[in-house]
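Chains Y and L are the protein sequences, given in the same order.
Per the working numbering, the first sequence starts with residue 4, numbered consecutively.
Per the working numbering, the second sequence starts with residue 260, numbered consecutively.
Since the hints were derived computationally from the structure, they do not count as laboratory data.
Built from N, CA and C at the ideal position, the CB exists for glycine as well.
Treat each hint with caution, since some may be false.
[As the list claims (entries may be wrong)] Heads up, simulated EDC-like pairs for lysine to aspartate or glutamate below, C-alpha to C-alpha not over 16 Å straight-line: (1) Y:158 - Y:133; (2) Y:441 - L:329; (3) Y:424 - L:311; (4) Y:176 - Y:287; (5) Y:447 - L:311; (6) Y:212 - L:329; (7) Y:279 - L:422; (8) Y:424 - L:422; (9) Y:441 - L:422.
[Unchecked claim] Reference listing, derived: stretches of chain Y covered by chain L, where coverage requires no fewer than 3 residues with Cβ under 8 Å from a Cβ of chain L: (10) 115-128; (11) 220-227; (12) 374-387; (13) 412-426.
[As the list claims (entries may be wrong)] Some residues of chain Y that are not near chain L, with every Cβ distance over 10 Å (derived): (14) 179; (15) 189; (16) 266.
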Amino acid sequence: MKKSMGTLLAVLLATGTLAGCGGGGNGAASPSGASEPAGTSAAGENGGEKVTITYWRHDNEAEVKALKQLIASFQAKYPNVTVKMEVIPYADYETKIRTALAGGKAPDVMGIDGPFVASYAHQDAIVPLDDYFAQNGDLDDITAPVRESLTYKDKIWAAPLNDASVAMFYNKKLFEDKGIPLPSQNPEEAWTWEQVRDAAAKINDPAHKIYGWDPAWGLGPGEGSAFVKMTYLWQAGAEILSPDGQTAKGYLDSAEAKKALTFFGGLYNDSKVAPKELPPEAFESGKLGIAMNGPWFLPVLQNNFKNFKDWAVAPLWKDAKQVTPMGSWNMAITKQSKHPREAWEFVNWVTGKEGAKVWYEVTKNLPARLSVADAFPELKEYPLNIWVKQSSTYAKPRPVSPAYPAISKAITDLFEDVTLKKGNVDDAVNRAVEKIDKALSSVK
Amino acid sequence: MRRNRGAGGAGRYAFRLQEERAAYAFIFPAVACLLLFTFYPMIDAVVVSFKDFNLINPQADFVGFGNYKELFADRAFWDSLLHSFHFAIVVIPAQTAIALGLALLVRRSTRLSGLFRTVYFLPVVIAVGVASTVFRLLYNQDVGLFNALLKLLGLPQVSFLSDPGVAMYGVMILGMWKSAGFFMIIFLAGLNNIPKTIYEAAEVDGASRPRMFFHITLPLLRRTLAFVVVITTMDAIKISGPVFILTNGGPAGSTTTATYFIVQEAFDQMRMGYASAAAMVLFAIVLAISVLQMRAFRTDVEY
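From just these sequences and the hints, can you work out the full model?
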């Protein structure tokens with residue numbers, strides 16, 4: 004009797020605990036993990052000893068497929084090293100990796116979005132890779148803008164998987180219907196803002212649900228939004244931060260920046276060629292004249308919208324300067340890794356000259372390595388040549404600063420302010436400068 | 260009687276002790292979970308709120324009231340509180356009235372009332388993410404159902420998601436659609452607790468239906484109403500789920516509620532200390548309002 008009661012209790016306890024804690028344990032950092040000494044053991048002398056490298060990244064079908072291939076070949080070459088890859092849904096990725104870092108449970112290798120490299124480096128969460136690159140990383144093979152975007156305090160902190168760039172996509176049929184001459188495919192002959200706006204004005208017909216131009220992936224927050232909106236400031240000739248990265252005052256509030264913001268807001272409020280809200284898949288369904296997108300959009304169009312054939316690609320528009328956005332996902336080694344040597348061999352296997360070729364073949368992402376751009380003839384032809392040329396010649400990295408999260412938010416807020424609140428551009432700019440400078444002063 | 264005479268007080272005491280032990284064993288899982296996953300993080304958050312705590316760097320210095328001082332000067336935080344209160348002030352009376360109305364409608368058991376109860380409750384069991392994604396499409400200016408209906412009625416089109424002056428109402432409609440059914444069930448339970456005899460007596464006295472509602476139903480629902488209003492208030496001030504998927508806090512920050520602000524600061528900006536301070540302020544506000552509401556709804560009516 005007593006015994007069976009005890010068993011019952013034990014079962015109840017177990018199930019009760021599980022039921023009661025369901026959800027609560029999700030993502031909560033265990034307090035015990037924080038006390039573990041991080042990355043102090045002597046690595047690199049493990050020789051034949053079995054080593055497991057953990058690698059976290061966000062979900063992406065083609066990229067995960069490429070990685071599975073590369074991990075298999077890596078493990079065949081280094082039989083003593085096992086790579087455990089954990090794929091995390093994109094929306095949860097940053098939160099999960101940050102919580103794990105705080106709790107001392109970080110993986111050896113982490114996927115890292117370019118502009119956050121400085122934040123992680125500043126907080127001592129990742130290690131510099133200069134010595135490793137010097138040994139066998141072929142650093143010179145990586146395009147200059149990518150190298151610059153991963154360099155903080157004169158050190159390089161991550162290895163790029165690929166680059167990214169955006170070009171102008173337009174609907175040929177809508178152009179021809181209105182008798183608008185088509186833009187050149189030559190990356191050296193980009194249209195100006197005004198040319199694009201005039202074409203958009205002719206196409207724009209909201210009464211029939213045809214819209215002219217989506218100038219920068221809609222309005223709204225998020226890194227993608229900031230990624231494309233910053234280019235308007237740069238194209239007008241403005242900068243976001245001072246060259247030493249210490250202030251936005253005198254840069255983001257320059258006349259050039261205000262000109263860019265006034266032009267951008269005007270697209271929504273004066274000429275009204277840009278809609279504040281678009282139907283889903285507007286470009287793919289022929290309802291949008293001009294958009295911007297990257298090479299990753301090509302397979303989407305070819306596979307998911309087979310019947311839509313009216314699209315064409317032209318170089319991204321320009322103003323005083325021709326500038327294109329750049330930067331994508333990279334691999335970094337965490338400070339908490341106990342096997343940084345093996346971690347580097349894995350990172351280099353994936354991002355090195357040979358790995359990058361496999362990566363391109365499977366993912367079709369814009370290469371960050373010059374040797375890969377040379378190895379595939381398709382990258383020298385339309386339309387891919389446009390992005391390749393842009394990424395090596397006109398690309399500009401986002402500010403490399405540990406205050407980047409605040410800068411990114413200030414920029415998207417600023418563009419929303421001047422577009423939706425229709426307030427004074429000067430006031431909006433001053434608020435953004437104030438926010439950025441406050442964040443900069445707190446990371447000094 | 261016979262049993263007691265033989266066993267005496269000692270046996271009874273042992274039995275009670277055993278009962279008590281079993282009781283503690285039964286509540287242990289819940290208490291352990293509460294301590295570990297609710298109280299420990301809460302106390303930890305209080306400590307963190309006094310630190311200059313960066314999310315990815317556990318080494319942090321105490322900054323005293325620094326976070327709180329900065330918070331009180333932060334326009335964005337006050338705006339986010341204002342948005343939360345805007346949501347609450349509209350949703351609490353509207354949603355409570357809708358829930359009570361629905362409960363009264365499906366109260367009588369007819370052949371169809373079961374069906375309607377289920378239908379009204381359905382939104383509650385739909386995941387927030389799914390509901391928000393669907394509403395995103397329904398709200399769309401060009402292809403959305405709501406604007407198609409407005410057009411049919413000859414009314415002007417509304418930009419539910421891209422007009423900063425309107426977006427919050429879009430979130431409110433979704434919030435109420437999602438939660439009203441739950442509180443309908445609570446009201447239904449409350450209504451069924453009111454003795455039929457009281458209504459019968461009123462009927463004999465010749466009371467009209469509205470009179471019965473205002474003089475019997477409402478006063479005797481006071482406790483249920485208190486529960487509903489307090490829970491709705493807490494939910495409303497902490498609204499965040501639909502905001503994440505429907506609007507992302509936009510357009511132009513117009514739907515950035517306090518909870519959304521806290522999550523953004525903690526995980527996007529990595530300012531855990533600052534976000535914890537904001538969470539503490541929000542906690543204090545919700546606590547204060549709940550206490551006041553409990554007082555206001557205190558009742559002596561027994562039945």
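What are the numbers of the hints that this structure violates, sorted from low to high?
-> As far as the earlier hints go, 3, 6, 9 and 12 are violated by this structure, in ascending order.
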